[in-house]
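Visitor: Place chain V on chain G using the hints.
This is what each chain is made of:
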Amino acid sequence: MSILVDRSTRVIVQGITGKEGSYHAMACREYGTLVLGGVTPGKGGTVHEGFPVWDSVRDAVEAVHPDVSLIFVPPAFAADAILEAADAGIELIVCITEGIPVQDMMRVRRILDIRNEEGETIRLIGPNCPGIITPDGAKIGIMPGYIHKRGRVGVVSRSGTLTYEAVWQLTQLGLGESTCVGIGGDPIRGLNFREVLALFEKDPETEAVVMIGEIGGEDEEKAAAFARAHMTKPIIGFIAGLTAPPGRRMGHAGAIVSGGKGSARDKMKALESYGVIVVDNPSVIGQTVAETLKSGSYRRVPACHG
Amino acid sequence: MNIHEYQAKELFRSYGVSVPSGIVVDSAEEVRTLIESKTGIFGGTAQVFAVKAQIHAGGRGKAGGVKIAKNTSDIPGLVAALLGKTLVTHQTGPEGRLVRKVWIEEGAAISREFYLSLVLDRSSRRISILASTEGGMEIEEVSASHPEKILTLSVDPEIGCKGFVGRRVAAFLGLPVNLYNSFSVLLANLYRFFTETDCMMVEINPLILTGEGRLLALDAKVSFDDNALYRQDKVLALRDLFEENELEIEASKHRLNYVKLDGSIACMVNGAGLAMATMDVIALAGGTPANFLDVGGGASKETVEQAFRILLGDPAVKGIFVNIFGGIVRCERIAGGIIAAAKDVKLHVPLVVRLQGTNAKEGREMLRDSGLNLQVAEELFEGAEKIVLAVKGAK
Chain G
0 MSILVDRSTR
10 VIVQGITGKE
20 GSYHAMACRE
30 YGTLVLGGVT
40 PGKGGTVHEG
50 FPVWDSVRDA
60 VEAVHPDVSL
70 IFVPPAFAAD
80 AILEAADAGI
90 ELIVCITEGI
100 PVQDMMRVRR
110 ILDIRNEEGE
120 TIRLIGPNCP
130 GIITPDGAKI
140 GIMPGYIHKR
150 GRVGVVSRSG
160 TLTYEAVWQL
170 TQLGLGESTC
180 VGIGGDPIRG
190 LNFREVLALF
200 EKDPETEAVV
210 MIGEIGGEDE
220 EKAAAFARAH
230 MTKPIIGFIA
240 GLTAPPGRRM
250 GHAGAIVSGG
260 KGSARDKMKA
270 LESYGVIVVD
280 NPSVIGQTVA
290 ETLKSGSYRR
300 VPACHG
Chain V
0 MNIHEYQAKE
10 LFRSYGVSVP
20 SGIVVDSAEE
30 VRTLIESKTG
40 IFGGTAQVFA
50 VKAQIHAGGR
60 GKAGGVKIAK
70 NTSDIPGLVA
80 ALLGKTLVTH
90 QTGPEGRLVR
100 KVWIEEGAAI
110 SREFYLSLVL
120 DRSSRRISIL
130 ASTEGGMEIE
140 EVSASHPEKI
150 LTLSVDPEIG
160 CKGFVGRRVA
170 AFLGLPVNLY
180 NSFSVLLANL
190 YRFFTETDCM
200 MVEINPLILT
210 GEGRLLALDA
220 KVSFDDNALY
230 RQDKVLALRD
240 LFEENELEIE
250 ASKHRLNYVK
260 LDGSIACMVN
270 GAGLAMATMD
280 VIALAGGTPA
290 NFLDVGGGAS
300 KETVEQAFRI
310 LLGDPAVKGI
320 FVNIFGGIVR
330 CERIAGGIIA
340 AAKDVKLHVP
350 LVVRLQGTNA
360 KEGREMLRDS
370 GLNLQVAEEL
380 FEGAEKIVLA
390 VKGAK
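Quick mapping for you: the protein sequence lines, in order, are chains G and V. If you read the first sequence in numbering that gives the first Met the number 0, its first letter stands for residue 0, the second for the next number, and so on. If you read the second sequence in numbering that gives the first Met the number 0, its first letter stands for residue 0, the second for the next number, and so on.
Isolated chain G (complex conformation) (with noise of 0.2 Å):
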């Protein structure tokens, strides 16, 4: 088992005929991803590496019926793809494109809510985000594929190379990871961490998670309180940003303590309160983690439930 993906999941790729859409596309078949095409509108009916291309999502649907769609459209189309996918009825849309508007992105997610009030279930991971993968399944995104173990290990984190970091130590101990998430750096996203913690607290495979946060907003905050009522299976979190000044953007869009809110101290001391086992030393989270599982006694009892 694994989290939303796996060896079976169809995907196809909009923005397939451009640099980078065509690189990964590639790069995530060759890992034994089932990459059924993609789409550039007005360039339908042609073959772009191996890959049918569709001129529509819809047209890609019609022929492949996928389940995922990953999207590597520049910034200023971002917005209008991804309510393409949601239109064409794709249930899982991963972003990778970094630097779209936050105006554009809070429409989009007012659409994607408005549809899942009316009884749809469309999920959207990102945007400016690795995208997801589960080791040996499907690694759709552009995360280096051979780092990855299949293993014990949930990851869920707002960074690319910061998860890297923390997966690449999990391969080595040996314990592996059942599916890595990265829901993006952007202010406003589509999956958070409640999200996905509550679908690795469901899944079998995961013994416990990595949640990998960094200053700005309060999502870590609000998922480590879910977690405290809500899971069972350990959580050790890791926030970035200590030593970042406030009101400065430290990279990702998502990143800046404002008015005094977002600093890597509160959320720290917010998620210890919830019982998540939080680490200050990044090279310490595989190892932290191993000690956990070892340990035995890690299962926790959530505060209650319901």
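Worth flagging that the hints you see were computed from the coordinates, not collected in a lab. Hints are not guaranteed to be accurate.
Said to hold, decoys possible - Chain V is nowhere near these chain G residues, computed Cβ spacing over 12 Å in every case: (1) LEU35; (2) HIS229; (3) THR231.
Claimed, not checked - Coverage of chain V stretches by chain G, computed from C-beta distances (three or more under 8 Å per stretch; other residues unrestricted): (4) 65-78; (5) 116-127; (6) 219-233; (7) 276-284; (8) 352-358.
Beta carbons: idealized from backbone N, C-alpha and C, even for Gly.
Guide: Same frame as chain G, now just chain V:
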């Protein structure tokens, strides 16, 4: 991106949000000429003027950056005193900001003062309106001492800032009913400005009610979404490079994501999250980070070389820590880039390179065999300890 108050007020005016009439000058001579020729605001009936230093930071009033002139003859002297002065406010840091422009506006008869702001609120994922009856005070202070005096409500993007929203805020502020409509129009205009120009935050503190029953924005603070600047040419034209750090401007030209900090150990990292974590680990090892720098995924020779030059442009830097996790780009290629760049840029400070990931062993061997004066590390914390020690030893 931030802009000056006078620029924000010009934008407000074009969106139908009333502001006091004023003029921006960059010399006392210029304002003297304008006064003598009774140009603009100096030709009217105004007796009192506000003289305000233009820098991208709040807290100007307390720092002595805002003066009141009771007659026009005082103005040139006040302007001369502000221009060229370095203002230190709670938002500038100890180095302060140099005043290069001064905004002079007509004084207004204040009957009541309010606080009004719009902010893109990540938590509700909507544009939130914040309004308070405590105008002129820091909103953080009001929030701590009198949270009941602040109204927060978020606008559904599918509905927009309609009349009912404006009336609700007007009622909270205790405005007379005959002003509900003009307040709603002001708020709707402000919302339209916010969405059409891709703002992240718009703050009016204070918004005043004049003796004649007019609503005026006495101050204006605006920040824009950097991601949206590609479609906001008019906004981009307002960028003031003097307000930005020179090294940060240089870095942005090379598509490097750099933020200058106060410490002495520079770092160069691929990826924003890992870059932040690297800063943290430097502090954990007993050092102080000199910067945030994300060189992106590639870390080619050219990128690394540019990055070295920028890091060395900060005189406070006493050592450099390169931390690269090689994923798609293999470590031996990254090592090659670092070696070539380090040879071109004559490094005069200790260098520690930590390589991990794809073909890391080969990459580290290349670095060790390069003959360059550098140390190699495998683990993140090990690398941070090495650079902290090297910098201490060099002193």
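Visitor: State for each hint whether it applies.
Guide: These are the hints, each one checked on the structure:
no., hint, verdict
1, LEU35, "holds, 23 Å"
2, HIS229, "holds, 20 Å"
3, THR231, "holds, 27 Å"
4, 65-78, "violated (count 0)"
5, 116-127, "holds (count 6)"
6, 219-233, "holds (count 6)"
7, 276-284, "holds (count 7)"
8, 352-358, "holds (count 3)"
The structure shown violates just one earlier hint, number 4.
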